[in-house]
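Chains as they are written, first to last, in this note's numbering: chain X, 1 to 281; chain B, 1 to 300.
The set of hints was computed from the structure by calculation and includes no laboratory data.
It is possible that part of the hints are untrue.
No more than 30 Å apart at the CA atoms, straight line, and that leaves these computed lysine-lysine pairs for DSSO-like [unchecked claim]:
id: 1; chain 1: B; residue 1: Lys-115; chain 2: X; residue 2: Lys-113
id: 2; chain 1: B; residue 1: Lys-106; chain 2: X; residue 2: Lys-113
id: 3; chain 1: B; residue 1: Lys-106; chain 2: X; residue 2: Lys-154
id: 4; chain 1: B; residue 1: Lys-219; chain 2: B; residue 2: Lys-159
Derived coverage of chain B by chain X (criterion: at least 3 residues anywhere in the stretch with Cβ under 8 Å from a Cβ of chain X; other residues may be distant) [stated by the list, open to error]:
id: 5; region: 68–74
id: 6; region: 97–109
id: 7; region: 113–127
id: 8; region: 158–165
id: 9; region: 204–211
Source: prediction; values computed, not measured.
Backbone N, C-alpha and C fix where the C-beta goes; we use that ideal spot for every residue, glycine too.
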Amino acid sequence: MNIAIASGKGGTGKTTFAIAFFLANQERSRLLDCDVEEPNVHLFLKGKVVKEEKVTLLMPEIDNSLCTNCGKCVTACQFNALALAGKAGVIIFTELCHSCGGCALACPEGAIKEIDTEVGSISTTLVGDSSELTTGLLNIGHSAAPAVIIAVKKNKPIKEVAHRIVDSPAGTSCSFVASVSKSDYVILVTEPTPFGLHDLALAIEGIRELKLPFGVVVNRISSPDNLATAFCKKNDIPVLLQIEESRLVAETYSRGGTLLDALPHLKQDLRDLLDRLSGVI
Amino acid sequence: MAHNDPKEIVVISGKGGTGKTSITAALASFFPNKILADCDVDAADLHLLLNISATEKHDYYGGHVAEIDPDKCNSCGLCESLCRFDAIDVKEGKYAVQEMSCEGCKVCVDACPEKAIAWHPALNGAWMKSETKHGPLFHARLIPGSENSGKLVTFVREKAREKAIENKAPYILIDGPPGIGCPVIAAVTGAHRLLMVTEPTPSGLHDLERVLQLAAYFKVPSYILLNKADINKDYKEKTEKCAAQYGAKFIGSLPYSTLFTEAQLKGVSILDAFPDSEIAKELKAIAENLITHLQEEKQC
Ligand code: SF4
Ligand code: SF4
Numbered sequence: 001m002n003i004a005i006a007s008g009k010g011g012t013g014k015t016t017f018a019i020a021f022f023l024a025n026q027e028r029s030r031l032l033d034c035d036v037e038e039p040n041v042h043l044f045l046k047g048k049v050v051k052e053e054k055v056t057l058l059m060p061e062i063d064n065s066l067c068t069n070c071g072k073c074v075t076a077c078q079f080n081a082l083a084l085a086g087k088a089g090v091i092i093f094t095e096l097c098h099s100c101g102g103c104a105l106a107c108p109e110g111a112i113k114e115i116d117t118e119v120g121s122i123s124t125t126l127v128g129d130s131s132e133l134t135t136g137l138l139n140i141g142h143s144a145a146p147a148v149i150i151a152v153k154k155n156k157p158i159k160e161v162a163h164r165i166v167d168s169p170a171g172t173s174c175s176f177v178a179s180v181s182k183s184d185y186v187i188l189v190t191e192p193t194p195f196g197l198h199d200l201a202l203a204i205e206g207i208r209e210l211k212l213p214f215g216v217v218v219n220r221i222s223s224p225d226n227l228a229t230a231f232c233k234k235n236d237i238p239v240l241l242q243i244e245e246s247r248l249v250a251e252t253y254s255r256g257g258t259l260l261d262a263l264p265h266l267k268q269d270l271r272d273l274l275d276r277l278s279g280v281i
Numbered sequence: 001m002a003h004n005d006p007k008e009i010v011v012i013s014g015k016g017g018t019g020k021t022s023i024t025a026a027l028a029s030f031f032p033n034k035i036l037a038d039c040d041v042d043a044a045d046l047h048l049l050l051n052i053s054a055t056e057k058h059d060y061y062g063g064h065v066a067e068i069d070p071d072k073c074n075s076c077g078l079c080e081s082l083c084r085f086d087a088i089d090v091k092e093g094k095y096a097v098q099e100m101s102c103e104g105c106k107v108c109v110d111a112c113p114e115k116a117i118a119w120h121p122a123l124n125g126a127w128m129k130s131e132t133k134h135g136p137l138f139h140a141r142l143i144p145g146s147e148n149s150g151k152l153v154t155f156v157r158e159k160a161r162e163k164a165i166e167n168k169a170p171y172i173l174i175d176g177p178p179g180i181g182c183p184v185i186a187a188v189t190g191a192h193r194l195l196m197v198t199e200p201t202p203s204g205l206h207d208l209e210r211v212l213q214l215a216a217y218f219k220v221p222s223y224i225l226l227n228k229a230d231i232n233k234d235y236k237e238k239t240e241k242c243a244a245q246y247g248a249k250f251i252g253s254l255p256y257s258t259l260f261t262e263a264q265l266k267g268v269s270i271l272d273a274f275p276d277s278e279i280a281k282e283l284k285a286i287a288e289n290l291i292t293h294l295q296e297e298k299q300c
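With the rest of the complex left out, here is chain X (with noise of 0.2 Å):
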């Protein structure tokens, strides 16, 4: 089964659950991180990187032998990522190229060839003794976060196992759609508090945009009853699990530790959302 975790906003808590998902259900899980622009998973659980591999992406580059600066391939280019800078000829700004193709196309020179061109990177590490954690990394100055999702989730583990939990970014952009989409269940993790619940609907509403079933998980709770229960009886949405708020939980955190390490007694309440989980599809 492949569940995501996401969340609208921000520092809901969202890696740090999605930590401790995994550590409940090592032996039947792997865990992979797609906040590709942000990845901290590999900053919690500690292990040995088995595997690297480039992802790549490619991208036009000019011989300027052949060009004429006619600027077809700048008015291909729906991106703005081509100019025509007088006596340089064209020059390229990879970091708005989106790898369409589309200015090799339309040259009638010929002269732009596509290269192979270092977007990001993945990584394989073995936690403990065989689960594993796959991640991304987005290169500073690209802008192809979903790229490199995407070849996070089609990477192929060492070992298969029965789920995988995607650790996916913030936001409701394309990042977010890149590593959400296909999931069979998405947990969104939230807090009780106005921004919390403004960027909750937001992801909610991508979410039915994409046709997903989906649960709330509402984390740093002072009290059962809050801004985030009431918003979900009232559209009928599941609220999966409810975690406390607490000082040791974020001390915890701060060294580096995990929300398993502060609250061990959740670790049976992740098991059973995974078996409550695999039961609905």
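Once you have looked at the hints, place chain B with the ligands on chain X.
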């Protein structure tokens, strides 16, 4: 004509949840004559703390989306082989564009020998202008899952800049997006200064380093503000070291405080909610420090 060139100060954080938006809202009270902008377009929250009024809303069409006319399509399959985004679905020999995956590159439109592919502007969201007691706010809302978040960020910055020039406002205070990808790149390129709000935790430090690298890549000088500074002494020192290593100026730190959440519940900034609190005083000192830095730099 220095007064005609407003300076953009972009507040970013790399990691979410460090208090970036709450701090931006608080700083909004101190900056003299400025325009506010929320460039965290896929989770814009700044307006929730600013008591907005008189909101004008406009549709935002950032890019395009392709659509295949089934009557003209003869199922040659060329579009599908050219599309790099897996956006062309084939079902029983019928070709159709899957809107959510289409990035609007136009490759299929230009390539189709039957001219069967139409090219429509895509509605990506909305942009808004609101009044607040701290000045005009430009904000936006990306349709969840929509493309062109970077273009929308650029658009909001552009609108804020026009208004700043019109009002002769020297500063634009921008709440930036998290991460280091598309929208962040659009928010930081060409900005005057970045203010990075971080926290002393392993992820806070890791993400700060990534945004510092991004700032170096785009050559934008940065200031650093450490929030929740008292939760881990060790990481506080590491953060200061990291700032120094990248030549970013450390402009202050704030203690962990639940008042931020309480202010959020009241729908105002921490300064409006708790003007006499210790943390409000500290924020004031930081804001003055920041403004002094900005003015000193202006003179040289
Ligand atoms: S590959 Fe596409 S996005 Fe990249 S420069 Fe060429 S036309 Fe522009
Ligand atoms: S416009 Fe580009 S992304 Fe959209 S369907 Fe055509 S080739 Fe694919």
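Hint check:
no.	hint	in the structure
1	B:Lys-115 with X:Lys-113	26 Å, holds
2	B:Lys-106 with X:Lys-113	19 Å, holds
3	B:Lys-106 with X:Lys-154	26 Å, holds
4	B:Lys-219 with B:Lys-159	23 Å, holds
5	68–74	violated (count 0)
6	97–109	holds (count 6)
7	113–127	violated (count 0)
8	158–165	violated (count 0)
9	204–211	holds (count 3)
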